[in-house]
Amino acid sequence: MKNAPHIHTKIITSLALVVIGLSLNASTPNPQPTPDLTPDPALEAALQAATREIGFFDYRTAQPHFDKALSLVKPQSDLWAIATYGKATCLYHTTPVSPHNVTQATALYTQLWDARPDTRSGRLAGLALGRIAELRDFLADPSDLPLARTWYQAVIDNAPTSPEADLAALRLAGTYIQTYDKPQCLQGIQILQNWLATNPPDKNPLAAGMHLYIADTCFYPLGNDKAALENYLKADAIGLPPTGKEATLYWRMATLADTRLNDPKTAIACYEKILKITPTSGKAFEAQQALNRLRSLAPPLPQAKGQSNSAPPAPPSSTHDAGRPTPDNSPPGAKP
Amino acid sequence: MTSPTPEPISKPDAPSQKLSRITWVILAGVFFFCVARVVFLDRQISAPTGQVIRIAHWQLEAGYRNSMDQAIARYEALNPSVKIIQLGITEKVYGQWLNTHLLAGTAPDIFEVGKSKVLSSDTYLPRFLIPLSEPAGKPNPYNKSTPSQAIRWRDTFRDGMRSGLHPVTQEYYSAPTALFTARIYINLDLLKEATGSSAPPQTLAQLLSAAQKLRTLKTPLGESIVPIAGGADSAQIFLTGYLIPFTATYEPLLDLDLDGIITPRETFTGWATNKISFQTPGIADYYHSLRAITENFAPGFMAMGRDQALFLFVQGRAGMIAAGSWESTGLTRNVPFPVAVINFPLPAKGDPYSRAIAGNANEASLSGGGSFGINRSSRHPQRALDFLQFLTSVEGNQLLNEGSNWVPVVTDSKPTAMALPFLPGTAGYTAKVDMKYGAVPSSILAGQLWRYLQGEVPDHAFFSAVNEALADPRYGGKNAWALDYADQIVWVRQQERTIDAFTLQNLLSDTSPDKTQRLNALIIEQQRTNNAQELRARFQDTFNQPIGQP
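Chains as they are written, first to last, in our numbering: chain X, 1265 to 1600; chain F, 4 to 553.
Here chain X stands alone, though its shape is the one from the complex:
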């Protein structure tokens, strides 16, 4: 009986040692980031100041705040990733854009991508490296499309279901389409179509834009009006991006359907959208003229019981009430 506590203690101690030993020997392929647990007022202040300056597009003034933040965060932590991305972006966009700054930004983005590709900041860094390769950042800066493609693909492969991957897919397709070489244009379209097939609109906020981009490419340089119209209609069904230029798109769709594809039904639908959604675009009158023409050519619709064929609507009058948007919060009239 005298030895029992001693034996129990030994057992417990041995078990504890085993547990400790196991935990020490455990291999972790990706070291878990050390969370920044304690809110640091100075860090918060630095990031808030940076946010404010970024809101004014003042990258030059924002950069010291990111420097300050970097001095306060733990290396390779989540906040380190954000601050590094912020500093790199400030370097990249401080005007005038210089080769020196772009080189420094590239180094920081690369460091971030290598250290934390699992974070949003890391993926954005990968995208930024693609953009640096693709864009002409200063006079005589060449565009390196193959390098850009490598980065975009890397972002896609790294996190295929992330929002950054949607953007990477768009940019990747763009590196082919912008050559205006027809086979490469088709290759770019294929990338987008494959992406849309596996990333439908409810998961891909860029879906409508991708359809627009496919449509533009089919229109020119491929000269495939049918495919162009199909994709414009798909984009519209999802919801056109609010650029204020919706009227020009509807006009293009209507004209394609009306004058090139002999598709009066679609043309009527698109002209009607100009009247309903973009009444102050300046094309409402011409859209109404086209509707009058098309409706006068169309065979009468079969009448349902109790209904009569409605007369074509009168052209908009030139009073001050004409063209007011309907009270369903449709987008305002677009700039022509």
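The hints are simulated quantities; they were obtained by calculation from the structure and are not laboratory data.
Warning: the hint list may mix true and false statements.
Below, in silico cross-link-like pairs of lysine-lysine (BS3-like), each with a Cα-Cα straight-line distance of 27 Å or less [stated by the list, open to error]:
(1) X:K1540 / F:K417
(2) X:K1509 / F:K141
(3) X:K1509 / X:K1498
To spell it out: a stretch of chain X is covered by chain F in this simulated footprint if at least three of its residues, at any positions, have a beta carbon under 8 Å from a beta carbon of chain F; those stretches are [stated by the list, open to error]:
(4) 1320 to 1326
(5) 1514 to 1520
(6) 1547 to 1559
We treat Cβ as the ideally placed atom computed from N, Cα and C, and that holds for glycine.
Let chain X serve as the given structure and place chain F on it in line with the hints.
Positioned in the frame of chain X, the structure of chain F alone reads:
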């Protein structure tokens, strides 16, 4: 007896001493008055109870400030603890005045946006103006009990508030308060005297005929009546007023990307591929008809300023004038003769210059003017917003435009009877053929056009000069295209700054779904330009040569 001690002669005060005493008194009085005024105004602005809002603008046209006073009085009646102070600053100094106060942090709470170099910068504008996007997406509280009560504030404007939308940041920064159009004003007394009828001309031929007859009249002092009062401003109004009616017909021929607009580059493409020229009926008729119109201006009209032309009309020495709706009160109410206001009459079928007339210009897409923004440094930004929303409510916008007889920009606000002729016409076309493409060809066209319109050179000399400029290998249309290409490459890079700013904000703080949607829209818009490569490709397709090579 000794002579009495002469009294010391007292010299009268020297004039300079008297003057200096009066001067000192006046100076002291002025000084204390100024101090009292500053203290009084400062107390007013910093009053612990009540708020003072200052609103500044450059609209010194007849009737506007009275209208603003009426709108202010109504707002103050609804909000008794608020005082609004109107500041009308002449447009000659408005820009410098505003720049100085913005940089000093002393600008008014609300100010008319424009004429300021500071506000034209994408970097500075967000620093000085409060974004209005959030309230723009909700109903205007001052539209309760009106048909607009459930409509988003921005949708209550005739232009959808797009005049206040900043293209780079995609935020609304200002709200327009009026719409402006241009028309022809006619002195009906002179018209009747010249033609026997006070019925305004319905066609261009009738207008030219009336102008011819007006030439025969003389003023009581024996001066010849000028048929059409015109300076450079007025001539430009005719140029703008007739461009669409004469050339919209060519949209199907020239609009390559089917967006409903003929861009200057598309016009140049049409010219370069011989689809159009100065002999094309609509284009030739446009310039020839303008010459016929300017033949009725005073000789040397290009030297005449806007005010001179206006005076000529209001003094009864000119029969007609083309001017903006902002001049309406001065040109219709403050004159001793009846005035008719008409839109630009077009050639009737079969008349001279009628070969390619499409129809009137569509004014539905006009952007609002008289836009006001809210100073970021305002002590009372919520109150400033409240007043701005009142000014752009159905009631407020009507009040604001009543005295000046301007066209209200809020759709449900009723215009005055005098403003009715200026309501934007929505039955018309939008495309136009503008032969200005490239800095040098545009400059040559403008210069030669004025010479042609003043009768200094014949039409063929004008056309040849422009053709030569467009064809010039160094600075003609092809060079302009190459510059457009270079500019668009720069634009793409600038867009990247904006996109990354939005992305970084998104990363640093929670942003609304609306902002995310706008960010995606910016990305798509940038992507669709294909890094300017469409311009390069289209150039190659059109001219079968690489862009940028002579």
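Comparing the hints with the structure gives:
1. X:K1540 / F:K417: Measuring from Cα to Cα gives roughly 23 Å; hence the hint holds.
2. X:K1509 / F:K141: 22 Å, holds
3. X:K1509 / X:K1498: Status holds; Cα separation ~17 Å.
4. 1320 to 1326: holds (count 4)
5. 1514 to 1520: It holds: at least three residues are needed, and the stretch 1514 to 1520 of chain X offers 4 whose Cβ sits within less than 8 Å of chain F.
6. 1547 to 1559: With 4 residues in contact (Cβ-Cβ under 8 Å with chain F), the coverage given for the stretch 1547 to 1559 of chain X holds.
The structure meets every hint from the earlier list without exception.
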